[in-house]
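S.K.: If you want the building blocks of each chain, they are given just below.
2 protein chains.
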Amino acid sequence: MTERRSTGIVYLVGAGPGDPKLLTLRGKECLAQADVVLYDYLANPLLLSHAPESAERVYVGRRGKGKYPAQEEINRLLTDRAQAGKTVVRLKGGDPFVFGRGGEEAEALAAAGIPFEVVPGVTAAVAAPAYAGIPVTHRTMASTVTFVTGHEDPDKPETALEWPRLASSHGTLVFLMGMKNLRSIVAQLLTEGRPTTTPVAIIRWGTRAAQQTVEGCLADIVDKAEAAKLEPPTVIVVGDVVRLRRQLNWFERRP
Amino acid sequence: MTERRSTGIVYLVGAGPGDPKLLTLRGKECLAQADVVLYDYLANPLLLSHAPESAERVYVGRRGKGKYPAQEEINRLLTDRAQAGKTVVRLKGGDPFVFGRGGEEAEALAAAGIPFEVVPGVTAAVAAPAYAGIPVTHRTMASTVTFVTGHEDPDKPETALEWPRLASSHGTLVFLMGMKNLRSIVAQLLTEGRPTTTPVAIIRWGTRAAQQTVEGCLADIVDKAEAAKLEPPTVIVVGDVVRLRRQLNWFERRP
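Those sequence lines, one after another, are chains A and B.
Mapping of the first sequence onto the working numbering: residues 1 to 255, in sequence order.
Mapping of the second sequence onto the working numbering: residues 1 to 255, in sequence order.
These aren't lab readings, by the way, just hints derived from the structure by calculation.
In this text the structure is predicted, and so the values were computed from the model without any measurement.
The C-beta atom is built at its ideal place from N, Cα and C for all residues, glycine as well.
Where hints are given, some of them may not hold.
[Claimed, not checked] Here's a subset of chain B near chain A, in silico, CB distances under 8 Å, partners left out:
{"hint": "1", "residue": "Arg26"}
{"hint": "2", "residue": "Thr146"}
{"hint": "3", "residue": "His170"}
[To be verified] Residues from chain A that face chain B, not an exhaustive set, calculated with beta carbons under 10 Å:
{"hint": "4", "residue": "Ala84"}
{"hint": "5", "residue": "Val126"}
{"hint": "6", "residue": "Gly133"}
[Stated by the list, open to error] Computed Cβ-Cβ distance ranges for the label pairs, DEER-style:
{"hint": "7", "chain 1": "A", "residue 1": "Asp223", "chain 2": "B", "residue 2": "Gly113", "range": "47 to 57 Å"}
{"hint": "8", "chain 1": "B", "residue 1": "Asp240", "chain 2": "A", "residue 2": "Ala70", "range": "21 to 31 Å"}
{"hint": "9", "chain 1": "B", "residue 1": "Glu252", "chain 2": "A", "residue 2": "Ala187", "range": "39 to 49 Å"}
Isolated chain A, as found in the complex (with noise of 0.2 Å):
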């Protein structure tokens, strides 16, 4: 005899970086158990499988400028099918937490007063130079590593990043969403005193079987990048772990 809840509940889960199998177990629990599942573009959409048939599946994806549901209407989603007593999954791509407005989402149930949990995931920015060989940090090489929103157009004179500080580091970057911004991030690097032999790699899809990447560093990279014609999404990695690829590249080798 299971009473049903007056107010549902919201697990905001992180869907992983697109390998289907690299969705945490807490995560699949989760999606067995939903009776609503809000999903993104970067989610992959075979982890919908594990969710019930009778599901309602809601899909709530942003690309580029095209049209799509506001963070409001998200919002508005998420406590109108959780006050109605449905337990809600919204299945964000990568982790929750790391860009991608799930702290907006929390703070949006919590003003709500509609109870949420946090099922973190395994983030892009860290799985996708892996899968294409490369550790983010190295005993020897990067002892700190810095995700960064690619979104913002450095060129932007209000844009909240901080180049001179970033262009200084020896640590890792690492940019998420960077593809359209990739000539002005490269520039600025360059501007701020990065050296252009500096290794850069940019990888598609990274975990998925489309997996593609290619390498160069600050002075041919964006000519490379044209030539192959990527398109988002990327994760866009800037600092010495690059090279390790040569040895490490494990996942784009396999037989």
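Here the structure of chain A is known, so what remains is to put chain B in place on it, guided by the hints.
M.R.: Here is chain B on its own, set in the frame of chain A:
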């Protein structure tokens, strides 16, 4: 009919941050196939139950300055077992490539010609804050997050860390393994100009049932941590996002 491979394979598996449900599906699958599991201090020992009873279990934990196998010894164990044809799981707390020397282990395996795969995990740097109600990034508060190894004493002249850069950041800083250097980390951030009111949270055993969080600011966090007798392992979060914990602290408030 399966043929015994003459050389085995090593899976470098992220055990996740502590909550055993934050293991990935792929990590569980690798454990289920293991002939040998080498595991860390930070990998939750409950995860060993996913391995066959017959599997050899080898504890290679490091804790403080006590006696523990040197990295070369761990590399040798991995190599020897794989060369004997075994399926070896190297279970590492968090993610194998976020500190913790997974890169060095992969290099040793590549040099020895041993097949290996990397199974990324949920890093405590993101998940411990998430379970404490702290999103490490936020659209209006932090457009970057930097993970820093707290093992390096910032008072050492030869430290590879970049204190002025770190101190000047408006992004979130997350220190892993920083508890023993807390006093000097805080002193350096203050010396470099971070305001005394900068929010700080220290999370011990993040995502486990025993999770404990101490919250303060740069001015008082050392005293508060001492009063609470906080010991490793901890994750230290510095930045405005710590303030969101007031609304978002879902895990420690659970019924």
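S.K.: Double-check glycine 133 of chain A for me: the hint is only fine if its C-beta lies closer than 10 Å to a C-beta in chain B.
M.R.: holds (8 Å)
S.K.: Lying within 47 to 57 Å: is that true of the beta-carbon distance aspartate 223 of chain A to glycine 113 of chain B?
M.R.: Violated, at about 35 Å.
S.K.: Per the hint of 21 to 31 Å, is the separation of the Cβ atoms of aspartate 240 of chain B and alanine 70 of chain A within bounds?
M.R.: Holds, since aspartate 240 of chain B and alanine 70 of chain A (Cβ atoms, about 25 Å apart) stay within the stated range.
S.K.: How about alanine 84 of chain A: closest beta carbon in chain B under 10 Å, or not?
M.R.: violated (21 Å)
S.K.: Does the CB of histidine 170 of chain B sit less than 8 Å away from some CB of chain A?
M.R.: Result: holds, 6 Å to nearest chain A Cβ.
S.K.: Classify the hint on threonine 146 of chain B as holds or violated, based on whether any CB of chain A lies nearer than 8 Å to its CB.
M.R.: Given a least distance of 4 Å, the restraint on threonine 146 of chain B holds.
S.K.: Holds or violated: is there a CB of chain B closer than 10 Å to the CB of valine 126 of chain A?
M.R.: Cβ of valine 126 of chain A sits 5 Å from chain B, so the hint holds.
S.K.: Under 8 Å, Cβ to Cβ, is where arginine 26 of chain B needs to be relative to chain A, so tell me if that hint holds or is violated.
M.R.: holds (4 Å)
S.K.: Can you let me know if the beta-carbon spacing of glutamate 252 of chain B and alanine 187 of chain A is within 39 to 49 Å?
M.R.: holds (45 Å)
Hint check: violations occur at hints 4 and 7; the rest are consistent with the structure.
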